[in-house]
Amino acid sequence: MALSSTERARYARHLSLRELGVAGQERLKAARVLVVGAGGLGSPAAMYLAACGIGTLGIADFDRVELSNLQRQLLFDSTSVGEPKTAAARARLERLNPEVSVVAHDLELRAANIRAVIDSYDVVLDGSDRHGTRYLVNDACVIAGKPLVAAAIHCWEGHVTTIVPGRGPCYRCLFADVPEGAVANCAEAGVLGVLPGVLGTLQATEAVKLVTGIGEPLIGRLLTYDALEMRFTELPVARRAECAVCGERPSILEPFDRAPLCDSAELSAVRRLSAASLADELASEAGDALLLVDVRDPLEFRTGHLSGSINVPVAELARRLAELPGDRTAVFICRSGVRSRSACAIALAAGVPGAAHLEGGLIAWTREVDPDFPLDPPSGTGA
Amino acid sequence: MSCTVRVASPLRSYTEGAAKVAAEGATLAEVLGDLERRFPGIRFRMIDEQGRIRPHMRLYVNTSEAQALDAAVHRGDTVHVICALSGG
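One line per chain: the protein sequences are A and B, in this order. At position 155 of the first sequence (counting the first as 1) the number is 155 in the numbering used here, and the numbers step up by one without a gap. At position 46 of the second sequence (counting the first as 1) the number is 1046 in the numbering used here, and the numbers step up by one without a gap.
It is worth saying that the hints were derived from the structure and are not from the lab. Incorrect hints may appear among the rest.
As the list claims (entries may be wrong) - Stretches of chain A that chain B covers, calculated by requiring three or more beta carbons in the stretch to come under 8 Å of a beta carbon on chain B:
| hint | segment |
| --- | --- |
| 1 | 9 to 20 |
| 2 | 95 to 107 |
| 3 | 224 to 237 |
Claimed, not checked - Below, a list of computed lysine to aspartate or glutamate pairs in the EDC-like style, where the Cα atoms sit at most 16 Å apart:
| hint | chain 1 | residue 1 | chain 2 | residue 2 |
| --- | --- | --- | --- | --- |
| 4 | B | K1020 | A | E7 |
| 5 | A | K29 | A | E7 |
| 6 | A | K29 | A | E94 |
| 7 | A | K209 | A | E7 |
| 8 | B | K1020 | A | E108 |
| 9 | A | K146 | A | D119 |
To be verified - Residues from chain B that face chain A, not an exhaustive set, calculated with beta carbons under 8 Å:
| hint | residue |
| --- | --- |
| 10 | T1015 |
| 11 | E1016 |
| 12 | A1029 |
| 13 | G1033 |
| 14 | G1041 |
| 15 | F1044 |
| 16 | Y1060 |
| 17 | V1061 |
| 18 | A1066 |
| 19 | Q1067 |
| 20 | A1068 |
| 21 | A1072 |
| 22 | H1074 |
| 23 | G1076 |
| 24 | I1082 |
None of the values given here were measured: they were computed from a predicted structure. The C-beta atom is built at its ideal place from N, Cα and C for all residues, glycine as well.
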């Protein structure tokens, strides 16, 4: 794909690079790259890819710009608040480089649409903000044989790795599964505004290398970045023979939607009760209005549980919500507060009002309220 | 044996925000046991009820991924606790 005289002027510094030159720039112009998520990671990634002359740049997102995005999402400014992200991003990217064709995919990626979206792209960048989307994108890319550059951030830490199906491990080899709610997202935990700038820029760098065939991609390597200590660490990641999507006997043959999908709004809405405040409530008259729902496994429940609590393991909760009496406020309880938080989000998403969870779980209860609570079996086989 | 443990960002609420802590132990199990004594609850975020490393966690001793908790840890080693992150 030949370069115009304007393009030769615009990309002059690339043309001077020995490894890239005219041939490399022509490959960039012919390339089609999809950025999933126009957020903290997607902003710098898309801006650098547009600036460097990627021929077709897709942006997939379904959110609107919020004021709290502007601390890190450089695609947008104060005038963008309230606009669909994809529209605002396209306008910004077209101003940055009118030579680039920007395609706005204003939709939530789901199993039903992801293959059609990624089909026309050469490389996919994942900058989404939930695990469900990360696995959906990974699975779709592995099945379709598309290279994927995946990154994620949390507070002061970021990860990036490059996945080329058939040449190295995939995201499920890296993390086989993430229970919904097990890890707080940026909306809940906070994030340094500059952090996604580093990781998103690394993603764009990998995309340029994949498209042009230059350099050594980050395949089979996880690069972690700790902004607090200003430290990069590279760790090896091997393919897993038992991987559900790229292993020897894959069980995932089509992309699928995770259920239940607890989004950040649902998790953020979860009401947290400390062990001490739950003890106070239970001791007061208000205690009668509480329904303690222990979402641990039956074996853990039998070892010891709070008086009056019922046992509904979190995996069964969605289909057993009708068992919860509507006239009492559910307080979900587990060992450490991870499963109970997910349970609470499931209940809230299903329309159960006022649900709360015991923050820190029964570990916190043991520490703050009752040191003699039987958390582990006498043999000490529990964690 | 004293080693350094680099703590994944989502688990730093247990270590009062510390990104790295010193720990004692000749195996990963002992190192995690030492962490648990000082930072109650942190082990369960990494290891499930059956003693397996949780599927959204990875543990490395230096640059070798530990598949099980009997992995040897030597004086001066660095244990990396890696947790799947979701933010974008």
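Item to check | Numbers of unmet hints, in rising order | outcome: 1, 2, 4, 7, 8, 10, 11, 12, 13, 17, 18, 19, 20, 21, 22, 23
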